[in-house]
Amino acid sequence: DAGITQSPRHKVTETGTPVTLRCHQTENHRYMYWYRQDPGHGLRLIHYSYGVKDTDKGEVSDGYSVSRSKTEDFLLTLESATSSQTSVYFCAITPGLAGGHEQFFGPGTRLTVL
Amino acid sequence: GQQVMQIPQYQHVQEGEDFTTYCNSSTTLSNIQWYKQRPGGHPVFLIQLVKSGEVKKQKRLTFQFGEAKKNSSLHITATQTTDVGTYFCAGADTGTASKLTFGTGTRLQVTL
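Protein sequence lines, in the order shown, are assigned to chains A and B. Residue numbering for the first sequence is 16 to 129, as defined by our numbering. Residue numbering for the second sequence is 770 to 881, as defined by our numbering.
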């Protein structure tokens, strides 16, 4: 699956604690994305990156920050987790081959905030 | 901002029946993509449509992009139990081809 891994795969945490999710890719793709998936909402973009240290906000970025200090890693941080951030988080990459913009997704991280 | 609506939310068919899901965008799209997500899995890319009026087929799946590049459809002929899952469309606004807005998805259930 395009060499994308996410860690941890499952996490339970308490309200107010910081949480960092990691997305790692092995193929040096430029574009990386973080989504959250909730029932009835499909996939919503949180943040994305178009290169090392180049990131931008998506439609649901409040309460989240990201960092990309290396091409292969894209970190998503919840500075102070809230119950509304209980969700499944997917990382994705775009290889951008031959003008295509298809995205390939990691296996997801299921986060529960108590 | 851009909105992508998808209908129906859920459809239950018997194996062998056809299935169609529709996707409508509030803005003109540069491209539209379709993804399938099996229960408990991650979204998997199916196809990308770029041209106005484009039609593409993958075995029993037929994808269409509207003339105005604001709507799309996925039609499955003679469904099989392996088609079970949620189908998402995802549209890219003109000028932001790598940033997608996903529809809410159509969950397909197929029974024998």
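Hints may be right or wrong, so weigh each one.
Negatives, chain B to chain A, calculated, CB over 12 Å [claimed, not checked]:
id	residue
1	GLY810
2	THR870
3	GLN878
Quick list of simulated restraints, FRET-style, between CB atoms [said to hold, decoys possible]:
id	chain 1	residue 1	chain 2	residue 2	range
4	A	THR20	B	GLU836	37 to 45 Å
5	A	GLY55	B	THR789	15 to 23 Å
6	A	ASP69	B	VAL824	34 to 42 Å
7	A	GLY78	B	GLU786	41 to 49 Å
8	A	THR97	B	GLN778	24 to 32 Å
9	A	SER22	B	ALA837	21 to 29 Å
10	B	THR789	A	HIS56	21 to 29 Å
11	A	SER99	B	MET774	21 to 29 Å
12	B	SER795	A	GLU94	28 to 36 Å
If you're looking for bench data, these hints aren't it; they were derived computationally from the structure. As the structure is a prediction and not an experimental result, all values here were calculated from the model. Glycine is no exception: its CB is placed at the ideal position from the N, C-alpha and C atoms.
Do the hints match the structure? See the list:
no. : hint                               : verdict
1   : GLY810                             : 8 Å, violated
2   : THR870                             : 7 Å, violated
3   : GLN878                             : 16 Å, holds
4   : THR20(A) <-> GLU836(B): 37 to 45 Å : 41 Å, holds
5   : GLY55(A) <-> THR789(B): 15 to 23 Å : 21 Å, holds
6   : ASP69(A) <-> VAL824(B): 34 to 42 Å : 36 Å, holds
7   : GLY78(A) <-> GLU786(B): 41 to 49 Å : 43 Å, holds
8   : THR97(A) <-> GLN778(B): 24 to 32 Å : 27 Å, holds
9   : SER22(A) <-> ALA837(B): 21 to 29 Å : 43 Å, violated
10  : THR789(B) <-> HIS56(A): 21 to 29 Å : 22 Å, holds
11  : SER99(A) <-> MET774(B): 21 to 29 Å : 23 Å, holds
12  : SER795(B) <-> GLU94(A): 28 to 36 Å : 32 Å, holds
Hints 1, 2 and 9, counting from the list given before, are not met by this structure.
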